[in-house]
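Chemist: Listed in order, the protein sequences are those of chains D and W. Taken in order, the first sequence gives residues 7 to 332; the numbers are from our numbering. Taken in order, the second sequence gives residues 7 to 332; the numbers are from our numbering.
In case anyone wonders, no lab produced these hints; they're calculated from the structure. Hints should not be assumed to be uniformly reliable.
To be verified - As a list, the in silico EDC-like pairs of lysine to aspartate or glutamate whose alpha-carbon atoms are at most 20 angstroms apart:
| id | chain 1 | residue 1 | chain 2 | residue 2 |
| --- | --- | --- | --- | --- |
| 1 | W | 293 | D | 136 |
| 2 | W | 293 | D | 89 |
| 3 | D | 293 | D | 245 |
| 4 | D | 296 | W | 245 |
| 5 | W | 293 | D | 98 |
| 6 | W | 296 | D | 81 |
As the list claims (entries may be wrong) - Ranges of calculated distance between the beta carbons of each label pair, as one might list FRET restraints:
| id | chain 1 | residue 1 | chain 2 | residue 2 | range |
| --- | --- | --- | --- | --- | --- |
| 7 | W | 59 | D | 278 | 38 to 48 angstroms |
| 8 | D | 35 | W | 9 | 55 to 65 angstroms |
| 9 | W | 210 | D | 179 | 49 to 59 angstroms |
| 10 | W | 175 | D | 274 | 36 to 46 angstroms |
| 11 | W | 241 | D | 216 | 14 to 24 angstroms |
| 12 | W | 176 | D | 274 | 24 to 34 angstroms |
| 13 | W | 110 | D | 134 | 31 to 41 angstroms |
| 14 | W | 296 | D | 94 | 24 to 34 angstroms |
| 15 | W | 219 | D | 278 | 25 to 35 angstroms |
| 16 | W | 210 | D | 39 | 56 to 66 angstroms |
| 17 | D | 231 | W | 185 | 25 to 35 angstroms |
| 18 | D | 294 | W | 296 | 29 to 39 angstroms |
| 19 | W | 318 | D | 65 | 45 to 55 angstroms |
| 20 | D | 176 | W | 318 | 20 to 30 angstroms |
Every residue gets a Cβ at the ideal spot worked out from N, C-alpha and C, and that includes glycine.
There are 2 protein chains.
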Amino acid sequence: MHQIAIGIDLGGTQVRAGLIDKHGTIVARMEEPTEAQAGPERVLSQIHSLTERLLAATKSSVVVGIGVSTPGPIDTVSGIAKDIPTLSGFADFPLKAELQKRFAFPVSLENDGIAAAIGEWQFGAGRGLENLVYVTVSTGIGGGVVADGRVVRGRKGMAAHIGHMSVEPNGALCPCGNHGCFEAYGSGTAFTLRARTRAIGCEETTLGKNGSEIHARDVFVSARNGDALAKRLIDEEAEILGRGFTGLIHIFSPDIVVMGGGISHEFESLQPGIQAYIGQWAMPAFKDVKVVRAALGQNSGLVGSAALAFLAKRPEADTFALAAYN
Amino acid sequence: MHQIAIGIDLGGTQVRAGLIDKHGTIVARMEEPTEAQAGPERVLSQIHSLTERLLAATKSSVVVGIGVSTPGPIDTVSGIAKDIPTLSGFADFPLKAELQKRFAFPVSLENDGIAAAIGEWQFGAGRGLENLVYVTVSTGIGGGVVADGRVVRGRKGMAAHIGHMSVEPNGALCPCGNHGCFEAYGSGTAFTLRARTRAIGCEETTLGKNGSEIHARDVFVSARNGDALAKRLIDEEAEILGRGFTGLIHIFSPDIVVMGGGISHEFESLQPGIQAYIGQWAMPAFKDVKVVRAALGQNSGLVGSAALAFLAKRPEADTFALAAYN
Numbered sequence: 007m008h009q010i011a012i013g014i015d016l017g018g019t020q021v022r023a024g025l026i027d028k029h030g031t032i033v034a035r036m037e038e039p040t041e042a043q044a045g046p047e048r049v050l051s052q053i054h055s056l057t058e059r060l061l062a063a064t065k066s067s068v069v070v071g072i073g074v075s076t077p078g079p080i081d082t083v084s085g086i087a088k089d090i091p092t093l094s095g096f097a098d099f100p101l102k103a104e105l106q107k108r109f110a111f112p113v114s115l116e117n118d119g120i121a122a123a124i125g126e127w128q129f130g131a132g133r134g135l136e137n138l139v140y141v142t143v144s145t146g147i148g149g150g151v152v153a154d155g156r157v158v159r160g161r162k163g164m165a166a167h168i169g170h171m172s173v174e175p176n177g178a179l180c181p182c183g184n185h186g187c188f189e190a191y192g193s194g195t196a197f198t199l200r201a202r203t204r205a206i207g208c209e210e211t212t213l214g215k216n217g218s219e220i221h222a223r224d225v226f227v228s229a230r231n232g233d234a235l236a237k238r239l240i241d242e243e244a245e246i247l248g249r250g251f252t253g254l255i256h257i258f259s260p261d262i263v264v265m266g267g268g269i270s271h272e273f274e275s276l277q278p279g280i281q282a283y284i285g286q287w288a289m290p291a292f293k294d295v296k297v298v299r300a301a302l303g304q305n306s307g308l309v310g311s312a313a314l315a316f317l318a319k320r321p322e323a324d325t326f327a328l329a330a331y332n
Numbered sequence: 007m008h009q010i011a012i013g014i015d016l017g018g019t020q021v022r023a024g025l026i027d028k029h030g031t032i033v034a035r036m037e038e039p040t041e042a043q044a045g046p047e048r049v050l051s052q053i054h055s056l057t058e059r060l061l062a063a064t065k066s067s068v069v070v071g072i073g074v075s076t077p078g079p080i081d082t083v084s085g086i087a088k089d090i091p092t093l094s095g096f097a098d099f100p101l102k103a104e105l106q107k108r109f110a111f112p113v114s115l116e117n118d119g120i121a122a123a124i125g126e127w128q129f130g131a132g133r134g135l136e137n138l139v140y141v142t143v144s145t146g147i148g149g150g151v152v153a154d155g156r157v158v159r160g161r162k163g164m165a166a167h168i169g170h171m172s173v174e175p176n177g178a179l180c181p182c183g184n185h186g187c188f189e190a191y192g193s194g195t196a197f198t199l200r201a202r203t204r205a206i207g208c209e210e211t212t213l214g215k216n217g218s219e220i221h222a223r224d225v226f227v228s229a230r231n232g233d234a235l236a237k238r239l240i241d242e243e244a245e246i247l248g249r250g251f252t253g254l255i256h257i258f259s260p261d262i263v264v265m266g267g268g269i270s271h272e273f274e275s276l277q278p279g280i281q282a283y284i285g286q287w288a289m290p291a292f293k294d295v296k297v298v299r300a301a302l303g304q305n306s307g308l309v310g311s312a313a314l315a316f317l318a319k320r321p322e323a324d325t326f327a328l329a330a331y332n
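Using the sequences and the accompanying hints, generate a full structural model.
Modeler: Below you can see the structure in the form of structure tokens.
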């Protein structure tokens with residue numbers, strides 16, 4: 007019987023569940039909106055129910071375990087969530103223990119940026135490499151790092167909160183409460199906000215002129231149509247990301263930087279600017295480091311959390327047959 | 007016979023050599039000014055001669071190896087120095103191979119920040135910890151990282167060039183050629199330059215009023231005597247370092263941050279401000295991370311490079327008796 011792992015990508019807006027084989031292929035996948043305000047009991051039920059439905063439709067597989075990616079920072083060593091800003095009621099909540107109660111398979115827990123990095127490392131853009139920095143540029147900025155062929159976890163498994171390095175002293179307010187973080191400048195949210203602000207009264211753009219709210223995607227579409235402001239906004243975003251990535255390249259010395267998250271859908275528009283910035287400002291020994299797009303798209307975290315289950319499984323460990331679950 | 011390792015801390019101004027036992031104790035130590043302009047042949051002779059003199063004075067020890075810390079970024083995997091800004095002629099120079107030719111013991115090579123981090127981890131302030139960030143604040147800013155009980159080396163062993171994360175877009179010129187790096191603001195050089203600039207025409211200070219050039223030490227002395235500008239300069243330095251360290255804490259999730267380098271001689275003056283900044287701006291899960299002073303002082307790199315030799319030595323590996331050397 008072939009082995010599969012369950013991957014869960016628990017986010018503030020969607021909870022995704024997948025059955026993933028040891029080649030990283032998604033055998034089955036389901037998602038639904040996270041009942042983020044309903045409290046942990048309800049969210050755990052969602053995870054359990056999604057998993058049950060996936061497994062019910064899958065025959066003759068051996069489940070090696072379940073990996074769960076959660077918004078951080080969460081202490082994945084103790085498994086206790088102190089506070090998850092995007093999910094109500096996860097205050098001092100023993101997430102790992104509560105998950106383990108509900109499943110007969112071993113549960114692995116990972117901060118979401120690290121889980122996505124593992125997905126890209128094991129099955130995506132970083133396959134076969136020893137060193138990579140994964141950066142998700144989305145509502146916020148998060149990440150995960152593989153160095154010397156090993157996942158960097160740090161104290162309590164909370165490493166790679168790379169959105170919260172300071173890039174501007176006393177700068178823009180960041181959702182974390184601090185000012186001037188990389189996230190406060192480089193995130194999709196910050197990019198969209200800049201577009202909305204700068205479009206007001208700007209003669210060189212059609213952005214926002216039809217009265218509807220500007221979204222990140224609009225800026226990229228307008229730029230392709232030659233809109234001057236839109237092109238400038240994209241250049242600026244590339245510079246902000248390029249500057250941040252250059253710092254991360256000096257800090258981690260990765261083989262590549264993998265960019266994921268919503269903004270990476272427009273990777274082609276951003277990549278030349280980002281790469282030019284790195285080429286210009288990285289120290290000579292680091293200039294050749296390439297930025298590549300996440301190969302698994304929005305599934306980096308889902309596949310990565312399943313990969314956790316495979317990685318956690320030792321050859322001598324028991325596997326759990328579906329029979330044990332039903 | 008007890009085992010010793012040879013540690014070499016090759017710097018742009020001094021080359022230090024030490025015999026270190028497996029407890030991290032410096033059994034013997036010598037140093038001399040680096041003949042930085044004389045080319046690699048001469049510098050290698052200095053290393054060889056210092057080592058020979060140390061070993062000649064030491065009886066009945068088994069040398070397990072020699073560890074060499076060099077200014078970076080240097081590719082410690084290939085062992086080839088592309089360019090060492092502070093040492094002339096090390097262009098495409100096969101440093102490791104040339105060192106190995108001169109010694110009968112196995113040679114280990116490490117970027118200086120990483121070597122110092124290893125010293126503090128194995129024998130200093132980070133003893134017994136799994137996760138630490140070491141930061142040297144001196145002429146420049148460098149560092150090294152231990153995560154999950156392992157040294158973070160990255161591609162070509164060049165990780166942890168933490169002085170070159172951007173902290174101010176298009177900011178002050180950094181010795182690396184980029185603008186706005188952490189080093190360009192937080193280093194001892196930057197601190198001294200700020201003091202000299204700000205003292206000019208300032209009524210609230212005695213700094214520089216006697217006509218002699220201001221050095222970093224003078225600022226700390228003046229601050230202890232109540233000098234208003236000196237106190238402000240130290241507060242600002244603590245804020246710059248605190249902001250940078252907060253970023254590193256989010257990036258690596260260390261158990262502690264270890265501060266070394268020349269400026270750490272005045273650690274007591276800086277620590278309260280640095281720690282207050284971290285307490286204020288780190289995300290809740292990271293607020294409790296402490297900054298401590300390097301325990302080995304200027305010997306972090308020397309002891310760390312020797313520790314490399316012990317770490318590199320496998321139980322099954324041969325040891326090299328002094329007889330083999332002489």
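Chemist: Hints broken by the structure, by number, lowest first?
Modeler: Violated: hints 1, 4, 7, 9, 10, 11, 15 and 20.
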